[in-house]
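J.: Residue numbers (UniProt numbering), protein chains in the order written: chain R, 1 to 362; chain V, 1 to 362.
The list makes no distinction among identical chains, and a pair is therefore deemed to hold if it is satisfied within one copy or across any two copies.
Calculated cross-link-like contacts (lysine to any residue; reagent style SDA-like; alpha-carbon spacing at most 20 Å):
1. K46 with E19
2. K134 with R312
3. K26 with L49
4. K31 with R98
5. K320 with E107
6. K134 with V300
7. K31 with D204
8. K134 with R303
9. K134 with S261
10. K134 with E306
11. K13 with G241
12. K172 with K239
13. K190 with T159
14. K31 with P220
15. K239 with T282
16. K31 with G52
17. K320 with E114
18. K92 with G71
19. K134 with L182
No lab work stands behind these hints: they were computed from the structure.
None of these values were measured; they are calculated from a predicted model.
Protein chains: 2
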Amino acid sequence: MPDTPYLLIDLHKTGANIEAMAQTAKACGVKLRPHAKTHKLPSMAKRQLEAGASGITVAKLSEAEVMAAAGIDDIFIAYPIVTASKAERAAKLSGTIRLIVGADSYEGSLILSEAAGRAGQTLQVRLEIDTGFKRTGVPYEDAVALAQRIHALPHLNLTGIYTFRGASIGGKPTLDLERAGLEEGELMVKLAERLRAEGLPIVDVSVGSTPTGAFAARVPGVTEIRPGTYVYQDRMQAKLGVCTLADCAAVVVTTVVSRPSPDYCVVDGGSKTFATDVQPGTEPLQLQGFGHIVEFPGAVLERMSEEHGIIRLDPECPAKVGDRLHIIPNHICSTVNLHNYVYLADGERIEQVPVSARGRLE
Amino acid sequence: MPDTPYLLIDLHKTGANIEAMAQTAKACGVKLRPHAKTHKLPSMAKRQLEAGASGITVAKLSEAEVMAAAGIDDIFIAYPIVTASKAERAAKLSGTIRLIVGADSYEGSLILSEAAGRAGQTLQVRLEIDTGFKRTGVPYEDAVALAQRIHALPHLNLTGIYTFRGASIGGKPTLDLERAGLEEGELMVKLAERLRAEGLPIVDVSVGSTPTGAFAARVPGVTEIRPGTYVYQDRMQAKLGVCTLADCAAVVVTTVVSRPSPDYCVVDGGSKTFATDVQPGTEPLQLQGFGHIVEFPGAVLERMSEEHGIIRLDPECPAKVGDRLHIIPNHICSTVNLHNYVYLADGERIEQVPVSARGRLE
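For reference, chain R alone in the conformation it holds in the complex (with noise of 0.2 Å):
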């Protein structure tokens, strides 16, 4: 057994949930192109490819170029490129394999051009909208005009727009996924319809995350879905009600180095192995702690130093130093980003393997 901590990844709940997507995908008749930010491994995309996936999203350039050294041919990512140098290694790697790029601004597009003519190359671009979530993307009423001047540059080619807005309506985090997922498919396709009318050449029409994605994927019009946390689940979605905490693929695996007092224990993770950006007790979801833990359920992983899991307990709970606790953390994604190597179990085997699109971050 690995030195804990470490991230465990079942392979079995990994191949369950790969396939229900692909399932649901197919059954509505839309492509199904899985952000790989949630695993950051090539062999896991490649698994997702295998089971219909027409493609991989990602939200660097650097780990686009991981994914395609691996062997991966079909890229999207789903996020604005502004500086020259980064156009410049889009355009290198658009040589290479299938890539598709986000845009959002004239500027970034104009340098995308400019970076694809000096390469010879022409970049496929799709436009990003905002539909509420305020963070990237043009504002929905301004989409047009923007695809206008974008659809009018030279090397580029417009063939799609895309959309974020996770589980939220209006920029507002909620828990009705239906309504917000259908809001969102129904949102860009008839933005796409009104593109297309101005005479733009909008083909893909990108939507949808995992706690969305079933739901926008039923919308006409819909092309395709990105959803990217699916792969391993993990405790925030099954708060929202997207999964069973038994369908969470990846766990920490701690050990209790301290119990001082018997009202609390310590784990040797803290927020170097547990990512703290799904914080507990916040709206809508109101997470009790940064995980759930499989062995104690009632316990709370309260606080946390880098280094140190502070763990509420009942008193009478039997946890004792060297034990071992198994932790669904609140939001697997941003926890994988902090371990250097994954765990895959498959049966009683498991296999180290290194994370190797972690930590990409330009």
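Put chain V on the given structure of chain R with help from the hints.
T.: For chain V alone, kept in the frame of chain R given last:
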């Protein structure tokens, strides 16, 4: 210039920070054993040793192994080691450098003792004391009894006690750093005297963090301080009054990738780039946002996804797509852990260096 986002370290500021803490320790007649968790870089540890540090502190055995492999030969693992596998690794390492390990339970100490015996080593041990932070550490009132039991174990040399509580008093965050530091030192010196009165050969009384080290060092009988953050400093320390923002040696360089609206822009660093363990708005610091934006001090890094930092702007703010923004993170230690590389700047010269002890969890 590297592609963004990346972590830029100003070596002149770092040098001044290292020198200032070395002077503080020297003036108080205490040893300085910096916690390497902040930089996670052997070369930076060597700078601290050259400036007079007596050794270094780490939290995990794997960090000690990286530092020892790079030539650091006096390391304190300020963390309980409680499993046979790690105890064996520690005993092995102890054969090659001066190693001190933490302990806070009899069960853990017994495992250390047995592993040391099997390896033909004697392990130097310090007992961790809880002085109110309620993390690891034996409760203060139980320390004498536990120290006696550990002292009686073969193959262990119990030579010191240590504690951590940062800027807190009685388990509550405080801004009264002087009182926190003095009280921490006094509690520990008093305990050391009681232990010596019981015949225990306690030499080292190790305390102090970046916010409290300078105060704790003043207490007669304290022999060592273990600050970490001071090497780079950060926004949290500046808000505590330990340093100024100008002393902060580490900034994240980001690029504006989107300005969808006059009132916000988006940079290419989110929770994969900036630590989220020190959340905005929490007591007592009430930090606004996740970092200080050097170019626009009034702007607020308000929300983050993994790859997006959403910055609230004054509508008149000229930030535009392609601009580089330099951001001082709230918490530098956990931010460093997210970066595979840092870029060390010596005037105009910038060197990319792998953060070789980052992500070492076990």
